[in-house]
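Now for the letters of each chain:
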Amino acid sequence: MLTIEHLNKTYPGGKVAVRDLSITVEDGDLFGFIGHNGAGKTTTIKASVGILPFESGSIHIDGHSVAKDPVTCKKLLAYLPDDPQLYDALTGIQYINFIADIFRVSSEDRRQRTMKYAEMFELDGSLNTPISSFSHGMKQKLALISALIHTPRLLILDEPFVGLDPKAAFTVKTIMKEFCAEGNAIFFSTHVLEVAEKLCNKIAIIKNGELIACGPIDEIRGRQSLEEVFLELTENA
Amino acid sequence: MRNFGILVRTNLRIFIGSLKNKRKGRYVATGILLGFGLLVLGLSLAFQAVSQMFLLRDAGIPDVGIFMSLVSALMLGGLFGLMRSLNAPGGRDGELLLSLPVRRTTAVLSKVVSQYIFDAPLMFMIFLPSVISYFVLANPDPGVLLRGIFLCFLLPLFPIALAYLLGSAVYKLTQKFKMASLFSTALMMLLIFGYMGVNFLSSSILAKVTDNGPAGASQTIERVPPLAWLTNFVVRGDVLPFFLSLAMILLPFIAGVFLFSFQFGRPVARYRSGRRDVIFKSRSPRRALYGKEIRRYLGCPIYVINTAFGPVFMLGLSIVLLVMGPEKILAGVDIPMTDLPAGAMTGLVPAILFAIISFMPAVTSTSSVAISLEGQKLWILRAHPVRTEDIFTAKAMVNMTVMAPAFVLSLILVGIRLSLSPILVLGMCFSGVLQCALLSSLGLVINLFYPKLDWENETQVVKQSMSVIVNMVAGLFVSAVPFVIFFVAMSDSSTGILVLLCALVYAILFAGSSIFLKTAGKRMFLRL
Ligand SMILES: Nc1ncnc2c1ncn2[C@@H]1O[C@H](COP(=O)(O)OP(=O)(O)O)[C@@H](O)[C@H]1O
Ligand SMILES: [Mg+2]
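If you read the protein sequences in the order shown, they are chains A and B.
All residue numbers for the first sequence refer to my numbering, where the first residue is 1 and numbers rise by one.
All residue numbers for the second sequence refer to my numbering, where the first residue is 1 and numbers rise by one.
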């Protein structure tokens with residue numbers, strides 16, 4: 001579904017954020033991307049969704065190159081940034097309608113899906129309110145609803161649990177599991193190890209822009225806890 | 001007291017930091033540029049004040065000099081205040097400051113004082129030269145100098161008061177209404193036009209002053225009481241004007257600061273809808289993009305104010321023309337009808353009007369900041385499967401929507417009044433629409449070259465970003481096209497040919513900028 005091969009990204013000014021990184025996410029994978037602050041997670045994710053140009057390496061989504069055929073790739077995926085800045089001048093429902101229009105979702109489908117997710121997130125009472133008066137968590141929920149509205153095949157989430165209340169976090173986890181059970185894939189970054197441990201079937205650990213472990217979670221963890229493995233790997237690498 | 005000093009210093013530092021570009025070395029350059037700009041402005045204002053005072057003294061009416069520079073100080077201060085009132089009260093750091101161990105009064109006062117420090121230089125530059133030259137040239141009474149300087153220190157309070165008072169009114173509106181931004185836009189437009197009216201009136205009053213001599217001068221000044229108080233206070237030092245002036249500036253200021261401190265750091269309770277019925281309406285992606293752009297435009301008062309002037313002026317001019325007729329307008333600019341060659345009404349006059357109307361929408365275009373205004377939200381357009389061409393088109397169409405209908409309507413009004421042939425009017429409209437299209441795409445090109453995405457508030461983009469200035473210059477060139485063609489090629493051929501030639505030039509330039517957007521522009525957008 002998502003293939004990253006030998007990705008290199010240097011920011012203007014010389015900061016090497018990602019170095020020779022390769023990751024493969026297959027259909028049905030719930031793939032966790034773990035690393036300390038500033039490890040290069042957001043950089044990798046932005047490159048994968050086609051909003052950050054990179055120098056070398058390749059990223060393919062379902063066989064389409066992100067660099068060469070971005071629009072086709074973007075049709076297959078949905079992206080939720082770590083800080084979802086949405087159009088303040090629009091109301092919640094206007095934003096959802098905007099995204100649904102871009103993906104040509106029929107009125108009936110969008111009604112059904114919006115109602116389902118808005119109820120799950122208890123956002124159904126705020127849809128007619130301008131986004132400018134939404135809290136961070138509400139914006140995140142809205143962004144997630146509009147990500148799911150067009151039934152993407154790949155979800156790319158950047159720190160999806162930051163700023164969510166426990167109930168919403170639980171809802172998000174449920175949605176994520178459901179989504180992957182249907183044969184779709186999720187690639188998400190986090191620095192909360194417990195979440196990754198419980199949720200993912202595969203993980204990758206990144207440190208200072210370089211991949212230090214990647215594969216099925218059981219293989220990486222062995223008999224230790226993920227925390228022990230993470231600390232061990234990141235100290236020694 | 002120590003906290004107060006720290007806060008004021010930080011406020012100033014934030015202001016200076018906001019000028020700073022990310023790239024190194026720009027810091028000093030910006031500082032030098034700013035200092036140089038201020039120096040040039042100050043010198044030219046001083047020169048103007050002194051030379052004006054010479055003239056007025058020789059006419060025996062030096063008091064008018066004080067009066068006039070008061071008018072311009074208050075006018076400019078007023079505009080500053082108006083613009084600033086559109087920003088959120090207290091800025092974004094209100095909550096942060098209040099979470100620190102700083103007293104509320106200290107935090108509020110530090111904001112007020114910092115604002116004063118920003119406003120004072122301009123007010124000084126406008127008013128102080130007049131006071132000093134009045135003292136030197138007309139009335140060597142030390143009291144005049146003292147009172148004038150005292151008033152200099154009072155004047156910057158005026159824009160502050162205005163900004164706070166209007167700001168809290170706007171703030172109240174945003175809590176109550178969904179379309180509050182439209183209300184405030186309309187309010188600001190009215191106020192600004194009011195100001196321009198006052199400006200116009202005062203210059204016509206002054207024209208009479210110079211005709212009527214000293215007696216007429218004081219009579220005219222007395223006709224504008226608040227300004228008369230201030231003038232008389234400086235010139236004569238009477239007690240009553242003194243208290244009246246104090247009250248006039250201090251009372252609104254105190255009220256404004258009071259309101260400001262009341263709202264400072266309070267969460268901005270925006271409009272919330274209780275409606276639960278949700279409307280799902282599907283549109284084509286292009287319509288959706290356009291709809292989003294239009295909402296963005298209408299949701300930002302300062303953006304609307306900045307760009308709606310062109311169309312409003314165009315319509316205003318053509319309505320005035322329709323009502324008063326071309327004779328009176330030409331007489332107003334000292335061109336009596338008898339001076340015009342025969343047949344001017346169908347040749348020369350429409351050509352000039354066409355050129356003037358074309359000038360109006362050229363210098364402000366919504367496109368020149370349309371990309372910058374995406375700011376931190378640019379990711380939405382980039383992470384979704386939309387073609388860059390469609391994004392450009394949606395943005396350009398906003399400018400077309402704002403400019404083209406007003407353009408066409410004005411040309412039709414001109415056509416009706418001058419009973420031009422329908423074909424000529426049609427040609428003018430065609431050329432007008434082409435000009436709008438050119439300006440719409442040119443604005444985007446300019447914005448791509450001078451993007452500004454890391455802004456704090458929209459004013460920084462709409463008023464102070466490089467692309468606006470460059471666009472203004474480019475607009476001047478575009479609007480010069482009819483004039484150039486008129487003077488170079490066709491002083492004696494028909495208006496029809498002028499219009500046709502303009503259309504041709506616009507079409508070529510439009511094609512050029514569109515091709516640029518489709519190729520290099522697209523790549524630049526993806527690299528932003
Ligand atoms: N726009 C940028 N310009 C320069 N350096 C950046 C930029 N964005 C991120 N970086 C640097 O790249 C590295 C990786 O950042 P990021 O991918 O955001 O980390 P993470 O998301 O894992 O916390 C960090 O050292 C950060 O300082
Ligand atoms: Mg990150």
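Please keep in mind that the hints were generated in silico from the structure rather than gathered at the bench.
Nothing here was measured: the structure is a model prediction, and the numbers come from that model.
Misleading hints may appear alongside valid ones.
As the list claims (entries may be wrong) - Capping the alpha-carbon separation at 30 angstroms, the derived lysine-lysine pairs in DSS-like fashion look like this:
#, chain 1, residue 1, chain 2, residue 2
1, A, Lys116, A, Lys198
2, B, Lys176, A, Lys207
3, B, Lys452, A, Lys139
4, B, Lys452, B, Lys463
5, B, Lys522, B, Lys452
6, A, Lys167, B, Lys377
7, A, Lys139, B, Lys518
8, A, Lys68, A, Lys116
Hint check results:
no.	hint	in the structure
1	A:Lys116 with A:Lys198	holds, 25 angstroms
2	B:Lys176 with A:Lys207	violated, 50 angstroms
3	B:Lys452 with A:Lys139	holds, 24 angstroms
4	B:Lys452 with B:Lys463	holds, 12 angstroms
5	B:Lys522 with B:Lys452	holds, 17 angstroms
6	A:Lys167 with B:Lys377	holds, 27 angstroms
7	A:Lys139 with B:Lys518	violated, 33 angstroms
8	A:Lys68 with A:Lys116	violated, 36 angstroms
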